[in-house]
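Asks: Working from the sequences, and respecting the hints, build out all of it.
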Amino acid sequence: MKNTVNVHEVNPAFTDRRSFLKISGLGVVGAGLLMAVGCSDDDDATGPITDDQLPGVRNGIFDLGAGDLGILSYAYALEQLEADFYTKVVNATGFASTFNSTEQTVLTDLYKHELIHRDFFKAAITGALTAAGLDPSARLLPTLEFKYGTLNFSNRDQVLATSKALEDTGVAAYNGAGRYITNPDYLLLAGKIVSVEARHASAIRSLIRPDSADFAGDDIVAPSNGLDAAKKPSAIIPVAAGFISTPFTAQFLP
Amino acid sequence: MNIIKFLEAFTSETLTTGTSSRRESFSQFGKFGKNMALAAIPFGLAAVSSKAFANDIGPTPATPVGALQFALTLEYLENEFYAKGLASGVIPGGGREEKVFKQIAKHEASHVTFLINGLGGPGAANVPAKPTFDFTVGGAFDPFNENGIGAATAYQQFLALAQAFEDTGVRAYKGQAGNLISEPQLLEYALQIHSVEARHASEVRRIRGLKGWITGIERGAGMPEATQAVYNGENVTLQAGFNTATQFGPGAGTEAYDEPLNTQQVVDIANLFIV
Chain L
1 MKNTVNVHEV NPAFTDRRSF LKISGLGVVG AGLLMAVGCS DDDDATGPIT
51 DDQLPGVRNG IFDLGAGDLG ILSYAYALEQ LEADFYTKVV NATGFASTFN
101 STEQTVLTDL YKHELIHRDF FKAAITGALT AAGLDPSARL LPTLEFKYGT
151 LNFSNRDQVL ATSKALEDTG VAAYNGAGRY ITNPDYLLLA GKIVSVEARH
201 ASAIRSLIRP DSADFAGDDI VAPSNGLDAA KKPSAIIPVA AGFISTPFTA
251 QFLP
Chain U
1001 MNIIKFLEAF TSETLTTGTS SRRESFSQFG KFGKNMALAA IPFGLAAVSS
1051 KAFANDIGPT PATPVGALQF ALTLEYLENE FYAKGLASGV IPGGGREEKV
1101 FKQIAKHEAS HVTFLINGLG GPGAANVPAK PTFDFTVGGA FDPFNENGIG
1151 AATAYQQFLA LAQAFEDTGV RAYKGQAGNL ISEPQLLEYA LQIHSVEARH
1201 ASEVRRIRGL KGWITGIERG AGMPEATQAV YNGENVTLQA GFNTATQFGP
1251 GAGTEAYDEP LNTQQVVDIA NLFIV
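For the record, the sequence lines run as chains L and U. The first sequence begins at 1 in this note's numbering and counts up one residue at a time. The second sequence begins at 1001 in this note's numbering and counts up one residue at a time.
Quick caveat, the hints were computed from the structure, so don't treat them as lab data. Every residue gets a Cβ at the ideal spot worked out from N, C-alpha and C, and that includes glycine. There may be inaccurate statements among the hints.
Result set (DSBU-like, lysine-lysine): computed pairs, CA atoms no more than 35 angstroms apart in a straight line [to be verified]:
hint : chain 1 : residue 1 : chain 2 : residue 2
1    : U       : Lys1211   : L       : Lys88
2    : L       : Lys232    : U       : Lys1102
3    : U       : Lys1106   : U       : Lys1130
4    : U       : Lys1084   : U       : Lys1106
5    : U       : Lys1211   : L       : Lys122
6    : U       : Lys1102   : U       : Lys1084
7    : U       : Lys1211   : L       : Lys232
8    : L       : Lys232    : U       : Lys1099
9    : U       : Lys1084   : U       : Lys1099
10   : U       : Lys1211   : L       : Lys147
11   : U       : Lys1084   : L       : Lys88
12   : U       : Lys1106   : U       : Lys1211
13   : U       : Lys1130   : U       : Lys1211
14   : L       : Lys122    : L       : Lys88
15   : U       : Lys1106   : L       : Lys232
Footprint (simulated), chain U over chain L, 3 or more residues, beta carbon under 8 angstroms [said to hold, decoys possible]:
hint : stretch
16   : 57-71
17   : 103-113
18   : 152-166
19   : 213-221
Replies: Take a look at the structure:
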């Protein structure tokens, strides 16, 4: 897919990555703000989506669409990012010397899990579109391209910090998207994946600071009530977009 | 005031107020308790009486309130387990383990309070009584070194039970998601607890020298046979028709997905520890 129009202001990639990490670190605050906003019943009433809210290209740019298909497409975009990131991590020059054996095992497992998640969503969305009589070649989110700015994939601290941000963001994204899923089968599938993302986040945090409570630290699990972060797509996408060079929009997601 | 409006009122007024202390937040939640208990009745849910929990627990109704009651019982179990573990002296002090289990204990205590308040506050009709737990399972284990098995062995048993409880918790919350789909805010809260249980599970497993994720139905080295029910059914490789074993084999394929346990399966596991 060739894109000619960018839908968002593209900042220098390094700045994007920094802001991504920064925003991720504010997960608890972000979740609190979302909870403060609350949610009218109308927000949850996604209802049947109309034809003009299907995933697909609008004005030359792919839009994720509304409803369950929109949420699935959103998850597919995030899993594409994670899969691409870990593919670059495990294939980077010096992987075996940058990371100790424990870290290599964890990162290689994450690489495998995220590729499986990515390809699962591609298959699941294709199946859902086909079952609905829709054309996957027009409605399936294309393969995205990514950018990492000055991130050095042979630098242990940079890779683990980015991994932590991606996994924490993935957990908050799934936690915040669950309420918009109407099909219980899709909800369960998202549930099967989000707990693995949380296991990842915990392990990466533990690798960064092993002798600490960071695996479920007060920065991400609110100490007042023991709840993990949950963020709406509109809070996640602008942040993730810092890594994604293929433009797409999410006009119909909350 | 329905259950959602109630929870929104609470979250907007207290959870996000920086000046509100934790205690104030909880007492604020408590003030809504009576409203909550009344609000829950229109759901048509039979309140689970305390008698039902006097001995073995039974399955909770497949409803939003039933799901919260079910979750609370599991949190009671975890909360008491970690509180006793920290008080017992079997957890090595001053290092990673103590920090980890203090953090986990803090979360489980918060989850108990959060769920009690969500069900109407202490003493509300919808709040199940805390069961009486026996973490020795009739003397088979001695995780708090109460029977003199020795601190080192007791700690290994404590770790094994912690892993079993956390991995069970992840699967149990997942199994309740469908019961909460009609109440989006409750579903979201449950998801926010669910992922915390998964963070705990990963860390406890890694302290025990295992991977943070579950491979097939492997309960892992050193886990008692009695915990196998926690892992049975984790070896699913077909997800919505997609074969997760194709790329990297069934190990990675099953690790990438956690499977749910239904209410009865979790009740059967929990009843091992309820007298």
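Asks: Against this structure, judge whether each hint is valid.
Replies: Verification of the supplied hints:
The straight-line distance between the Cα atoms of U:Lys1211 and L:Lys88 is roughly 22 angstroms, inside the 35 angstroms bound, and the hint therefore holds. For a cut-off of 35 angstroms, the pair hint linking L:Lys232 to U:Lys1102 stands: about 31 angstroms separates their Cα positions. Simply put, U:Lys1106 and U:Lys1130 have alpha-carbon atoms about 18 angstroms apart, close enough for the 35 angstroms limit, and the pair holds. At most 35 angstroms may separate the alpha-carbon atoms for a hinted pair to count; U:Lys1084 and U:Lys1106 meet this at roughly 13 angstroms.
With a C-alpha separation of about 27 angstroms, the suggested pair U:Lys1211 and L:Lys122 falls inside the 35 angstroms cut-off, and the hint holds. Among the hinted pairs, U:Lys1102 with U:Lys1084 is consistent with the structure: their alpha-carbon atoms are about 11 angstroms apart, no more than 35 angstroms. At most 35 angstroms may separate the alpha-carbon atoms for a hinted pair to count; U:Lys1211 and L:Lys232 meet this at roughly 30 angstroms. A C-alpha spacing of about 32 angstroms is found between L:Lys232 and U:Lys1099, which places the hinted pair at or below 35 angstroms, so the restraint holds.
Restraint check for U:Lys1084 and U:Lys1099: satisfied, since their Cα atoms lie roughly 15 angstroms apart, inside the 35 angstroms limit. For the given pair, U:Lys1211 sits about 30 angstroms from L:Lys147 by alpha-carbon distance, which is consistent with the 35 angstroms threshold. Among the hinted pairs, U:Lys1084 with L:Lys88 is inconsistent with the structure: their alpha-carbon atoms are about 45 angstroms apart, more than 35 angstroms. Distance restraint check for U:Lys1106 and U:Lys1211: the Cα-Cα separation of roughly 24 angstroms lies within the 35 angstroms cut-off, and the hinted pair is therefore satisfied.
With a CA separation close to 33 angstroms, the supplied pair U:Lys1130 and U:Lys1211 stays within the 35 angstroms bound. For a cut-off of 35 angstroms, the pair hint linking L:Lys122 to L:Lys88 stands: about 20 angstroms separates their Cα positions. About 27 angstroms separates the Cα atoms of U:Lys1106 and L:Lys232, which keeps this hinted pair within 35 angstroms; it holds. Look at the stretch 57-71 of chain L against chain U: 0 of its residues bring a Cβ nearer than 8 angstroms to a Cβ of that chain, fewer than three, so the hint is violated.
Counting residues of the stretch 103-113 of chain L whose C-beta sits closer than 8 angstroms to any C-beta of chain U gives 5, which meets the bar of three, so the coverage hint holds. Given a C-beta distance limit of less than 8 angstroms, the hint that chain U covers the stretch 152-166 of chain L is violated, as 0 residues qualify and 3 are needed. A stretch counts as covered by a chain when three or more of its residues have a beta carbon under 8 angstroms from one of that chain; for the stretch 213-221 of chain L and chain U the count is 5, and the coverage holds.
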